[in-house]
Amino acid sequence: MNSLFYQKNSSRNIGDKVFTSLSLICVVIAILPLIFLVTYILIKGGAQITPELFTLEPNPPGDDLDAGGINPALIGTLIITTIASIIAIPVGVGGGIYLAEYSKGGPFSRFIRFGVNVLAGVPSIIAGVFIYSLVVSTKILFGSMYSGLAGGMALSILMLPTVIKTTDEGLKLVPNELRYASLGVGASMYTTILKITLPSAFRSIATGVVLGIARAAGETAPLIFTALFSYYYITGFGDLFYEMGSLAVLIYNFALEPYDAQNKLAWAASFILVLSILSVNIFSRILAAFTEKTKRV
Amino acid sequence: MEEKLALFKNRKRFGIEKNIDIIFKNTALVLSSFVAIILLGIVLVVFFQSFESFSRYGLKFLVTSEWNPVKDEYGAFTAIYGTLLTSFLSLLITIPLGVGTAIFITEDFVPKLFREIIGSFVELLAAIPSVVLGLWAIFVMEPFFRAFFVFLHNFFGWFPLFSTEPTGRNSLLAILILVVMLLPIVTSIARDSLNQVPKKLRNASYGIGASRWKTIFSVILPAALSGIMAGVLLALGRAMGETMAVTMIIGNSNAFSWSLLSPGYTIASMLANQFGEADGSQVSSLFYAAFVLMILSLVVNIFAQWLVKKFSLKY
Amino acid sequence: MIKNTKKAQKNNILSLEDVSISYGKFEAVKNIFCNFKKGDITSLIGPSGCGKSTVLRSLNRMNDLIPNCSLKGTVLFDGTNIYDKRVDPVEVRRRIGMVFQQPNPFPKSIYENIAFGARINGFVGDIDDLVELSLKKAALWDECKDKLNDSGYSLSGGQQQRLCIARTIAIEPEIILMDEPCSALDPISTLKIEETMHELKKNYTIIIVTHNMQQALRVSDMTAFFNAIEYEDGDGGKVGYLAEFNSTKKIFSSPKEKTTQEYISGKFG
Ligand SMILES: Nc1ncnc2c1ncn2[C@@H]1O[C@H](COP(=O)(O)OP(=O)(O)OP(=O)(O)O)[C@@H](O)[C@H]1O
Ligand SMILES: [Mg+2]
Numbered sequence: 001m002n003s004l005f006y007q008k009n010s011s012r013n014i015g016d017k018v019f020t021s022l023s024l025i026c027v028v029i030a031i032l033p034l035i036f037l038v039t040y041i042l043i044k045g046g047a048q049i050t051p052e053l054f055t056l057e058p059n060p061p062g063d064d065l066d067a068g069g070i071n072p073a074l075i076g077t078l079i080i081t082t083i084a085s086i087i088a089i090p091v092g093v094g095g096g097i098y099l100a101e102y103s104k105g106g107p108f109s110r111f112i113r114f115g116v117n118v119l120a121g122v123p124s125i126i127a128g129v130f131i132y133s134l135v136v137s138t139k140i141l142f143g144s145m146y147s148g149l150a151g152g153m154a155l156s157i158l159m160l161p162t163v164i165k166t167t168d169e170g171l172k173l174v175p176n177e178l179r180y181a182s183l184g185v186g187a188s189m190y191t192t193i194l195k196i197t198l199p200s201a202f203r204s205i206a207t208g209v210v211l212g213i214a215r216a217a218g219e220t221a222p223l224i225f226t227a228l229f230s231y232y233y234i235t236g237f238g239d240l241f242y243e244m245g246s247l248a249v250l251i252y253n254f255a256l257e258p259y260d261a262q263n264k265l266a267w268a269a270s271f272i273l274v275l276s277i278l279s280v281n282i283f284s285r286i287l288a289a290f291t292e293k294t295k296r297v
Numbered sequence: 001m002e003e004k005l006a007l008f009k010n011r012k013r014f015g016i017e018k019n020i021d022i023i024f025k026n027t028a029l030v031l032s033s034f035v036a037i038i039l040l041g042i043v044l045v046v047f048f049q050s051f052e053s054f055s056r057y058g059l060k061f062l063v064t065s066e067w068n069p070v071k072d073e074y075g076a077f078t079a080i081y082g083t084l085l086t087s088f089l090s091l092l093i094t095i096p097l098g099v100g101t102a103i104f105i106t107e108d109f110v111p112k113l114f115r116e117i118i119g120s121f122v123e124l125l126a127a128i129p130s131v132v133l134g135l136w137a138i139f140v141m142e143p144f145f146r147a148f149f150v151f152l153h154n155f156f157g158w159f160p161l162f163s164t165e166p167t168g169r170n171s172l173l174a175i176l177i178l179v180v181m182l183l184p185i186v187t188s189i190a191r192d193s194l195n196q197v198p199k200k201l202r203n204a205s206y207g208i209g210a211s212r213w214k215t216i217f218s219v220i221l222p223a224a225l226s227g228i229m230a231g232v233l234l235a236l237g238r239a240m241g242e243t244m245a246v247t248m249i250i251g252n253s254n255a256f257s258w259s260l261l262s263p264g265y266t267i268a269s270m271l272a273n274q275f276g277e278a279d280g281s282q283v284s285s286l287f288y289a290a291f292v293l294m295i296l297s298l299v300v301n302i303f304a305q306w307l308v309k310k311f312s313l314k315y
Numbered sequence: 001m002i003k004n005t006k007k008a009q010k011n012n013i014l015s016l017e018d019v020s021i022s023y024g025k026f027e028a029v030k031n032i033f034c035n036f037k038k039g040d041i042t043s044l045i046g047p048s049g050c051g052k053s054t055v056l057r058s059l060n061r062m063n064d065l066i067p068n069c070s071l072k073g074t075v076l077f078d079g080t081n082i083y084d085k086r087v088d089p090v091e092v093r094r095r096i097g098m099v100f101q102q103p104n105p106f107p108k109s110i111y112e113n114i115a116f117g118a119r120i121n122g123f124v125g126d127i128d129d130l131v132e133l134s135l136k137k138a139a140l141w142d143e144c145k146d147k148l149n150d151s152g153y154s155l156s157g158g159q160q161q162r163l164c165i166a167r168t169i170a171i172e173p174e175i176i177l178m179d180e181p182c183s184a185l186d187p188i189s190t191l192k193i194e195e196t197m198h199e200l201k202k203n204y205t206i207i208i209v210t211h212n213m214q215q216a217l218r219v220s221d222m223t224a225f226f227n228a229i230e231y232e233d234g235d236g237g238k239v240g241y242l243a244e245f246n247s248t249k250k251i252f253s254s255p256k257e258k259t260t261q262e263y264i265s266g267k268f269g
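Chains as they are written, first to last, in our numbering: chain A, 1 to 297; chain B, 1 to 315; chain C, 1 to 269.
These aren't lab readings, by the way, just hints derived from the structure by calculation. A couple of the hints might just be wrong.
Stated by the list, open to error - With a Cα cut of at most 25 Å, we get these calculated SDA-like pairs of lysine to any residue: (1) A:K195 x A:I89; (2) C:K108 x A:L198; (3) B:K310 x B:E165; (4) A:K17 x B:L29; (5) C:K137 x A:L198.
Claimed, not checked - Just a sample of chain B residues kept apart from chain A, beta carbon distances all over 12 Å, derived: (6) F139; (7) S297; (8) W306.
What the hints assert, rightly or not - Some, not all, of what chain B presents toward chain A, calculated at C-beta under 7 Å: (9) F24; (10) N26; (11) A28; (12) I42; (13) V45; (14) F303; (15) L307.
If you're wondering where the values come from, they're calculated on a predicted model, not measured in any experiment. Positions of the beta carbon are idealized from the N, C-alpha and C atoms, including for glycine.
Please model the complete structure; the sequences and the hints are all you need to start from.
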């Protein structure tokens with residue numbers, strides 16, 4: 001007899017149970033290594049943090065037991081990411097403005113949006129190869145080959161799609177009524193964009209851009225044959241035209257060294273990199289969640 | 001009123017303002033075309049740099065695995081095979097895990113807060129630089145799996161994929177670290193696609209008495225399929241182009257082997273390893289390999305975009 | 001006869017001559033002839049979708065902002081065709097202001113909402129005075145004089161709409177276009193805005209779209225009734241046209257067209 005009561009042993013209910021457990025297992029398998037990974041990096045890397053780490057140059061690998069610090073790499077990462085931002089942000093924001101504010105969904109903008117997505121999918125090492133043949137091997141930058149500047153250019157190629165996309169999407173979220181309001185009182189298009197639409201979209205664009213910068217800061221592949229690496233302090237503006245270290249490349253180089261001291265430096269650099277990237281991410285998420293609620297007030 | 005109007009001294013837009021407007025627009029136009037220029041530049045540069053090698057080795061380059069700078073013999077089969085093998089196998093593992101996780105966090109098995117924590121945690125992990133994953137793979141994953149690999153070889157050694165003694169760095173480890181990398185991507189895209197399935201579809205299925213998992217398999221997953229597919233393709237593109245983590249753990253050997261337990265190569269890791277020190281026709285051959293990688297990832301990406309477009313028209 | 005039309009034209013601040021407007025291939029309104037007299041309040045009424053907003057937006061080239069919207073014919077403002085290639089739409093909008101259906105204040109302070117437009121229009125006087133004067137004209141001053149630095153969004157819907165009116169009159173346009181300015185408002189705010197319009201009438205020409213017959217009757221001197229008919233080829237699409245244009249009194253007391261009669265008595269729309 002059919003009953004409406006829950007039947008524990010019906011094949012349907014058993015099947016449901018099995019699949020529910022399976023999906024739970026998926027979560028566990030997916031999440032556990034990730035938790036393990038993060039805690040391990042934070043603990044193992046955190047243990048290596050000393051004040052000298054931030055001030056010293058790394059010692060060249062060898063029997064030397066003291067590995068030194070990561071100062072040049074830390075500063076190098078800051079400089080290279082700044083260069084990348086200086087290139088990618090104006091180009092990306094400008095391009096995003098064109099897509100969202102001027103192009104009226106015609107073939108040109110569809111083509112560019114498509115290109116943005118394709119560029120975002122280009123392997124990062126290809127960006128490195130590209131800048132290598134364009135800048136490094138031609139010595140086009142005042143005769144210098146490997147340089148922080150070249151590294152920044154390679155990174156900017158990776159940042160560009162993110163910046164354009166967030167600008168485009170951020171501006172598209174601004175209600176058209178605001179544009180009409182501004183144009184309706186006789187504002188020029190550029191005034192409308194600079195004074196009304198961009199400020200309205202500022203937070204979402206800024207969040208996206210900052211996340212893009214954070215991601216770029218950890219990119220290694222584009223740097224290994226553009227900025228290369230350097231053991232020495234960055235002392236002046238001229239150093240932009242020479243090999244420049246970065247946390248990411250330091251991790252790569254020192255992870256492969258057979259010496260424990262260098263490996264430890266790699267862990268320390270990972271700790272700093274991961275901690276900064278994660279905090280930027282978490283912070284911007286909180287900010288985004290917060291502004292979602294307080295929008296339009 | 002007349003006298004007040006006089007206060008609007010410069011009501012007329014002067015030439016300068018009109019010009020600023022035009023300059024502003026055209027600057028934005030030029031900046032937006034940079035994307036196309038860079039993309040085109042990349043394709044052209046890589047193509048022309050690889051031309052010498054292409055004309056010398058032709059398509060033979062793709063199917064031979066000799067890589068000998070001394071004899072000037074180049075073939076990228078090992079690297080191409082490695083690229084395809086590692087990316088497809090890692091996806092094969094990632095898809096069920098990622099989609100399963102996505103289902104778990106879009107259904108109401110556990111409270112919403114809990115699901116959101118899992119979801120954003122997974123997404124956060126996408127932000128971890130791959131070089132750090134590589135470091136972790138070398139020092140944590142490899143020792144962890146060492147015994148397991150020996151076991152694999154001892155019991156399944158008859159199977160070609162496990163036919164060699166495990167080495168410290170090998171293709172299987174590269175596949176596993178790729179899984180860790182791809183999981184966040186697949187999970188978050190699958191979750192978004194599942195969330196986009198209209199509620200009414202689900203209710204319709206429940207309405208005719210289907211159980212939860214019957215509904216998931218026969219209604220929800222099919223509806224989200226193309227979105228998930230697009231996500232999987234994007235992940236595939238990422239896997240093929242992924243450099244650092246793979247380079248650090250795959251062992252970097254050009255000797256071809258069927259076994260996953262022996263060192264391998266991918267195009268990206270070959271570039272990372274050799275590009276800095278290469279000269280002569282080796283450079284051109286590396287560019288040839290880079291060109292192959294670029295085409296592979298372009299095809300996958302364009303296909304993914306096509307799917308996304310098709311998908312977004314549906315709802 | 002010729003003299004007569006000349007004289008009539010002198011009074012006409014804005015005239016539509018055989019205007020047709022399309023969105024892509026779809027023709028929204030067709031063959032509109034219509035003259036708006038200086039100093040008048042003119043209502044545009046008609047059933048939903050007949051193209052009132054479309055026509056209104058065409059009067060200060062707001063339609064330019066809608067992709068693939070195109071206009072045939074001439075719109076004469078002060079004797080100039082504003083669709084002439086040499087005309088700068090931004091200048092047109094400086095002289096013909098617009099208040100929209102949904103209140104759309106800038107995400108700035110109340111003060112800045114008004115100052116923004118004035119500044120970009122090259123206002124050289126005392127902005128504080130202008131803000132006060134405009135808010136007073138829009139009957140909003142008393143309600144917000146103590147919180148000029150609060151966000152425009154902190155106001156109620158009706159207040160926001162009056163802020164938008166204040167913002168528009170602050171730039172002293174010659175004509176003010178209003179697209180259903182009261183549709184989102186309660187009766188009290190509506191009355192306030194109507195009072196504002198009566199006040200403004202002394203200095204401005206106003207063209208207002210409204211679905212509210214009473215409002216048209218109360219505020220306007222002239223009324224244009226728009227209607228839409230099926231395409232002749234009958235594929236279900238409708239095209240709008242100007243069915244009747246006359247003084248408000250005549251339209252509401254003795255309309256010439258049967259459809260006008262039916263519309264104002266609420267038989268359709
Ligand atoms: N941006 C647009 N793109 C395409 N078609 C449009 C657009 N705006 C309006 N239309 C079409 O033009 C016709 C006239 O629309 P309009 O908004 O002018 O009507 P309306 O008389 O103002 O209606 P309502 O009283 O509902 O506001 C309608 O058929 C509408 O679908
Ligand atoms: Mg309308």
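Results for each hint:
no. : hint            : result
1   : A:K195 x A:I89  : 18 Å, holds
2   : C:K108 x A:L198 : 13 Å, holds
3   : B:K310 x B:E165 : 47 Å, violated
4   : A:K17 x B:L29   : 57 Å, violated
5   : C:K137 x A:L198 : 31 Å, violated
6   : F139            : 7 Å, violated
7   : S297            : 6 Å, violated
8   : W306            : 10 Å, violated
9   : F24             : 4 Å, holds
10  : N26             : 9 Å, violated
11  : A28             : 4 Å, holds
12  : I42             : 5 Å, holds
13  : V45             : 5 Å, holds
14  : F303            : 11 Å, violated
15  : L307            : 12 Å, violated
The structure fails to meet hints 3, 4, 5, 6, 7, 8, 10, 14, 15 from the earlier list, while all remaining hints are met.
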